[in-house]
Amino acid sequence: MKTQLDMHKIAKGLGAERRGKVAATGGYFGAMQLLADVKAQFRVPDGGGRPTDPRWTERRLLPLAPRTLKRLEELTAKVREHGGANVEPMQLAALLLERTTEKLSEDEAEELVRPKRRASR
Amino acid sequence: MAKKRTKAAAKPHILEGGRKRVLVVLFVPSVERDGTTAIDQQFWVDSALEMFGRVFGGATAYPKAKGIWRDNERGGALVVDEPVVMHCYTTPADIESARNLAELGRFCRRMGYDAHQGEIGLVVGDEYFAIHDFAEE
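Keeping their order, the protein sequence lines are chains E and D. Per this note's numbering, the very first residue in the first sequence carries number 5; after that it's consecutive. Per this note's numbering, the very first residue in the second sequence carries number 811; after that it's consecutive.
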């Protein structure tokens with residue numbers, strides 16, 4: 005469950021005027037943000053090789069559905085096409101995972117992993 | 811045999827880093843309200859990063875974008891600029907703190923006044939806020 009922010013309090017505290025709702029997580033803005041994230045975070049390792057985020061020091065196997073992998077491949081192809089960033093599908097997956105975990109609340113995470121329907125016995 | 815249920819309160823937190831879920835977006839302009847006089851954008855980007863880091867724990871400044879703004883107080887003149895978009899993830903508690911809001915508002919008013927802006931735009935969560943009055947409170 006999302007926490008409702010007190011927008012009136014925020015406007016008052018900022019000395020600002022409320023201008024209305026925005027939706028800035030998808031579409032072109034979202035794609036450009038993703039590309040900017042790649043450009044901002046990825047670095048060529050000291051010893052050479054493919055650019056990556058130097059903070060990514062842990063490695064785990066991640067199970068995923070074929071259609072998810074296909075979607076990641078399509079997205080990385082678009083990123084390469086638009087910005088020239090050479091990003092691999094699983095690097096994009098790591099970036100998306102990082103962004104989502106930063107934004108996801110504990111309640112939302114619990115809701116995601118909770119079984120939809122409980123067995124009667 | 812029924813399994814013993816674990817109390818929800820005893821569960822460990824699933825995502826320890828999942829509390830920073832409010833996105834604050836700030837636009838740092840490149841020109842003054844007249845649309846031609848360049849401002850010291852790098853100074854304001856660095857200052858905003860310092861403020862976001864100190865008050866909210868961090869932020870990211872993206873590469874320059876292309877922007878346009880209609881100045882209704884100057885007969886609808888269009889101001890074309892290259893803003894730097896800054897993203898800061900924070901917590902509901904931190905963004906609703908009167909002290910933090912005062913600091914963020916103060917920064918926006920200072921940038922608006924010193925850089926001769928018509929408006930400073932800020933997105934908090936899913937809402938756009940505009941600051942016009944740059945007088946110090």
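Just so you know, these hints were derived from the structure itself, not from any lab. The model shown is predicted, which means the values in this text are computed figures rather than measured ones. Quick reminder that beta carbons are idealized off the backbone N, C-alpha and C, glycines included. Treat the hints with care, as some may be off.
To be verified - Calculated pairs, BS3-like style, for lysine-lysine (alpha carbon to alpha carbon, straight line, at most 25 angstroms):
id, chain 1, residue 1, chain 2, residue 2
1, E, Lys107, E, Lys25
2, E, Lys82, D, Lys876
3, E, Lys13, D, Lys876
4, D, Lys876, E, Lys25
5, E, Lys82, E, Lys13
6, E, Lys13, E, Lys25
Claimed, not checked - Output of the computed footprint for chain D on chain E, the stretches with three or more beta carbons under 8 angstroms from beta carbons of chain D:
id, region
7, 8 to 15
8, 61 to 68
9, 105 to 118
Going down the list of hints, with the structure as the test:
1. Lys107/E - Lys25/E: 18 angstroms, holds
2. Lys82/E - Lys876/D: 21 angstroms, holds
3. Lys13/E - Lys876/D: Violated. Lys13/E to Lys876/D sits at ~31 angstroms, over the 25 angstroms cutoff.
4. Lys876/D - Lys25/E: 22 angstroms, holds
5. Lys82/E - Lys13/E: 41 angstroms, violated
6. Lys13/E - Lys25/E: 16 angstroms, holds
7. 8 to 15: holds (count 6)
8. 61 to 68: violated (count 0)
9. 105 to 118: holds (count 10)
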